[in-house]
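Novice: First to last, the sequence lines map onto chains Y and S.
Take the first sequence: its position 112, counting from 1, is numbered 111 in numbering that gives the first Met the number 0, and each next residue is one higher.
Take the second sequence: its position 69, counting from 1, is numbered 68 in numbering that gives the first Met the number 0, and each next residue is one higher.
No lab work stands behind these hints, which were simulated from the structure alone.
Just so we're clear, the structure is a prediction, and the values are computed from it rather than from any experiment.
Heads up, a few of these hints could be off.
You can't tell identical chains apart in this list, so a pair holds if it fits in one copy or across any two.
As the list claims (entries may be wrong) - Taking lysine to aspartate or glutamate pairs in the DMTMM-like style, the calculated list, with each CA pair at most 25 Å apart, reads:
id	residue 1	residue 2
1	K155	D40
2	K322	D291
3	K302	D254
4	K218	D40
5	K322	D40
6	K322	E274
Number of protein chains: 2
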Amino acid sequence: MTAEGKARDMTKRHDSPSGEDSLIARYFRPLATDPGAFNLDDDAAALKAVGEDIVVTTDAIVEGVHFLPNDPPDTVARKALRVNLSDIAAKGALPAGFVLTLALRGMEEAWLKPFAAALGEDAADYGCPLLGGDTVSTPGPLMISITAFGRVPQGKMVHRSGARAGDRVFVTGTIGDAALGLDLLKGGPVALALANDAAAGDWLTSRYRVPQPRNALAKAVRAHASAAMDVSDGLAGDLTKLCGVSGISAVIDLDSIPLSDVARDLVSRGVVGIETLIAGGDDYEILCTVADDRVEAFAQAAKSAGVALSSIGTVVAGSTVPKFFDGQGSEIVLKRRSYSHF
Amino acid sequence: MTAEGKARDMTKRHDSPSGEDSLIARYFRPLATDPGAFNLDDDAAALKAVGEDIVVTTDAIVEGVHFLPNDPPDTVARKALRVNLSDIAAKGALPAGFVLTLALRGMEEAWLKPFAAALGEDAADYGCPLLGGDTVSTPGPLMISITAFGRVPQGKMVHRSGARAGDRVFVTGTIGDAALGLDLLKGGPVALALANDAAAGDWLTSRYRVPQPRNALAKAVRAHASAAMDVSDGLAGDLTKLCGVSGISAVIDLDSIPLSDVARDLVSRGVVGIETLIAGGDDYEILCTVADDRVEAFAQAAKSAGVALSSIGTVVAGSTVPKFFDGQGSEIVLKRRSYSHF
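Construct all of the structure, not just a fragment, from the sequences and the given hints.
Specialist: Right, here's the structure in full:
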């Protein structure tokens, strides 16, 4: 874009293609399967929308901050797209496509090739084609910024603000595995505790590196949830945000929060406390509230979609932060609910 | 987003707002004037589209690469948005909104405040409200990635690929000022030549720092242009791209390329050559082709819109790169047409 340092716009074909241009064409053009991507030959893409709203979300991941420098490029690609797909799912929308900004120190084919291949696989699997992008040079850490699009019928995006007293609180999958995976990768207590259990360690690592967004549940969320969001910054903190915007509170049964066998074992051995799990990040599960008369239909829809669902508490009136109770009915006061980096 | 380093999602309200959250709310929420931004209180925005296509473009700028570390924050904000507005204009679309990813080393209020204020002014002036965003921490250079949206009637986005032999080639504004401004800021030959002309230097600097996207011409481009793109990587190189995608070539009259008085003077004094101007970047003017029978109406529409327009050549059949001729009818062979950083 400047005479000083060039941007390689993926949507632009360059004259007498340089090595970089042909790399971009070779690796990213096959991902641009949507007709509105114009084969990455134009300045912009066009999204069709007939009787729908386009849901827009954006999330960036930075090397050394949101992923580790030695994370494999294929997992970095999947994480970059999936953190956005998770937002699309939580809003009750179906994926429509995405644009990609890649900030690279250089064009390393050994990195780009598996990155693009995995991104293409996920784009195909989730029905979310590449629509365009921009590749820029940076002297700093690798950064991938994705803006993803979804479609919902007009006015039907599911908000954070619709929770009502009496609604049940649900969460998908299991909570805290990614935080444990990160602890392991950083050589924390989990690494020591699982030194002799490579399978468990690998599984936790994959939970950190490769989220499993719950797009299969999107239609059910749209049909039944009064409020929803994805859990990215810690279940406790994210629930607190949902309650704040909805103007309500909640009571949560700690024993009902779904844990994987590995996580449950690490808690029971005292390796980590429950806070590590419910105030840890990177779960990318769906947190939602459902009115009593919809609970059965919602649970049935989740079952049909093959998505594990747990009822973890109840929405209550009030403006206090959500309260967490243990199996004996004692309130557990959390020292932290999520993280702040700055 | 991870337990290691947190993202501050602008679309998310955090519990017991930290200083950073309230900074984001204070500076960016006022920019979220579109109802589909949901006051930045949700995971995603919703773009309405009735009988329209949503045009999507994305461009990132990196400190030290696309802007200089000592560029004022207000000009950085304007440049980040305007390079995207320029794409929207060239596609014949009207601005609909944008999402912002800010990668910051820290939350410096002294930087954020003027940045957000200028971004808000431009968003209002161009009718392009903030819809959402993500703020991430980076140990590296400041980076601003924007994805911007425009609206066009269904199927009416103007492409690069529509140029036909016989069409006239037009460009808006003046070409090369930004490249001269960058040369000046870097202490190159232009700095020396204009050492005693602060006004001219300031004007060139502003042309580099603050593009003037031609959104006023968007409707005329849509009504009359057979192909269009914005000039961001150098007029010669960008025209070559347009010709390549359209499957045609062009002959350009170098004397017809619009230059500012300052640029013309620097060329005539031998401070810079014409290549510096037409292979330099950051013009953010519109390059387009118009069929003969539309030329008069297009010129009239540009005049009504108050956008300076120059006819610089003719589209011809063939697959060679565009040729440039001087006033004596001699072909000038360019050593370079645009830049590649990687």
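Novice: Take the hints in turn and mark each one as holding or not.
Specialist: Comparing the hints with the structure gives:
1. In this assembly of identical chains, K155 and D40 lie within 25 Å of each other by CA distance solely across copies; the values are 16 Å between and 33 Å within a copy.
2. Only within a single protomer do K322 and D291 lie at most 25 Å apart by alpha-carbon distance; the minimum there is 20 Å, versus 72 Å between protomers.
3. Proximity of K302 and D254 under a CA criterion of 25 Å is satisfied intra-copy only: 21 Å inside one chain copy versus 71 Å between copies.
4. When the C-alpha separation of K218 and D40 is checked against a cutoff of 25 Å, the pair qualifies only between copies, where the shortest distance is 22 Å, while the shortest distance within a copy is 34 Å.
5. Taking the shortest alpha-carbon separations for K322 and D40, only the inter-copy value of 22 Å comes in at or below 25 Å, while the best intra-copy value is 53 Å.
6. Taking the shortest alpha-carbon separations for K322 and E274, only the intra-copy value of 13 Å comes in at or below 25 Å, while the best inter-copy value is 67 Å.
Hint violations for this structure: none, all hints satisfied.
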